[in-house]
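Undergrad: Here is how the chains run, residue by residue.
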Amino acid sequence: DTAVSQTPKYLVTQMGNDKSIKCEQNLGHDTMYWYKQDSKKFLKIMFSYNNKELIINETVPNRFSPKSPDKAHLNLHINSLELGDSAVYFCASRRQQETQYFGPGTRLLVL
Amino acid sequence: AQSVTQLDSQVPVFEEAPVELRCNYSSSVSVYLFWYVQYPNQGLQLLLKYLSGSTLVKGINGFEAEFNKSQTSFHLRKPSVHISDTAEYFCAVSALSGSARQLTFGSGTQLTVLP
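Read top to bottom, the protein sequences are chains P and G.
Going by the numbering used here, the first sequence opens with residue 1, and the numbers climb by one from there.
Going by the numbering used here, the second sequence opens with residue 112, and the numbers climb by one from there.
Bear in mind the hints are in silico, worked out from the structure with no lab data behind them.
Since the structure is predicted, the reported quantities are computational estimates derived from the model, not experimental observations.
One should not assume that every hint holds.
As the list claims (entries may be wrong) - Only pairs whose alpha carbons sit at most 30 Å apart, straight line, appear in this in silico DSS-like list of lysine-lysine:
(1) P/K41 to P/K9
(2) P/K22 to P/K52
(3) P/K44 to G/K180
(4) P/K9 to G/K180
(5) P/K67 to P/K40
(6) P/K67 to P/K19
(7) G/K180 to P/K19
(8) P/K22 to G/K180
(9) G/K160 to P/K44
(10) P/K41 to P/K19
(11) G/K180 to P/K67
(12) P/K71 to P/K9
(13) P/K22 to G/K160
(14) P/K52 to G/K180
With the rest of the complex left out, here is chain P (with noise of 0.2 Å):
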């Protein structure tokens, strides 16, 4: 029933690890996102994905890549973690010019 769904949803890990966080939506929206909310709670976005095109991507290190197998997915994989990216990060997905929903987020913590 869930819309938009992120796993894990809790994320522990060591400095210089690789880790990647699902994102799935059983909307059948169009676009998708990826958001990182830091410690001050501040949103911004770091990536958007249209039907599986890279359509924005912020000023975001070299070290995030995200990935769409297919128009419901959009998975972030991050390389070399660094204590920096300890964070919130949320998914979320729209229809053309409709709301954005969230998914419940991933709290990353980098040790």
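With the hints as your guide, set chain G onto chain P.
TA: Chain G only, in chain P's frame:
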């Protein structure tokens, strides 16, 4: 490019009192406006949105907001708050950026309802 300013980072208010959370935006193109709420350790939930039409929009949980184009504002109001309204509130603007419509968030306002 668009930007959103939420003028108050924290708003404490007593239960059953009215509240207004302020939001101003800047954009060179027409915009859609949104208010989202984030309860502790949860994701963002849409409260209300303005796309077109009536400038007074009503949302869930008794909240409403008024779009004022001349003042580029979209303030959120509730006539009587409950303890359960304690949360972080985000104003957001959606405008075309190239071929894509991009959502830009304000820095958030922490609403704390006191008993």
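Undergrad: For every hint, state whether the structure bears it out.
TA: Cross-check of the supplied hints:
1. Taking the CA atoms of P/K41 and P/K9, the gap is about 17 Å. The hint holds against a cut of 30 Å.
2. For the suggested pair P/K22 and P/K52, the alpha carbons sit about 15 Å apart, so the restraint of at most 30 Å is met.
3. About 25 Å separates the Cα atoms of P/K44 and G/K180, which keeps this hinted pair within 30 Å; it holds.
4. For the given pair, P/K9 sits about 39 Å from G/K180 by alpha-carbon distance, which is inconsistent with the 30 Å threshold.
5. About 27 Å separates the Cα atoms of P/K67 and P/K40, which keeps this hinted pair within 30 Å; it holds.
6. Between P/K67 and P/K19 the CA atoms are separated by roughly 13 Å; this keeps the pair inside 30 Å, and the hint holds.
7. Only pairs whose Cα atoms come within 30 Å are accepted, and G/K180 paired with P/K19 is rejected, the gap being roughly 44 Å.
8. A distance of roughly 39 Å separates the Cα atoms of P/K22 and G/K180; the hinted pair therefore is violated under the 30 Å criterion.
9. About 19 Å separates the Cα atoms of G/K160 and P/K44, which keeps this hinted pair within 30 Å; it holds.
10. For the hint linking P/K41 to P/K19, the alpha-carbon distance of about 22 Å falls within 30 Å, and the restraint holds.
11. Taking the CA atoms of G/K180 and P/K67, the gap is near 39 Å; set against the 30 Å cutoff, the hint is violated.
12. About 22 Å separates the Cα atoms of P/K71 and P/K9, which keeps this hinted pair within 30 Å; it holds.
13. Pair hint P/K22 plus G/K160 holds up; C-alpha atoms about 28 Å apart against a cutoff of 30 Å.
14. Straight-line distance between C-alpha atoms of P/K52 and G/K180 comes to about 35 Å, which puts the hinted pair past the 30 Å bound.
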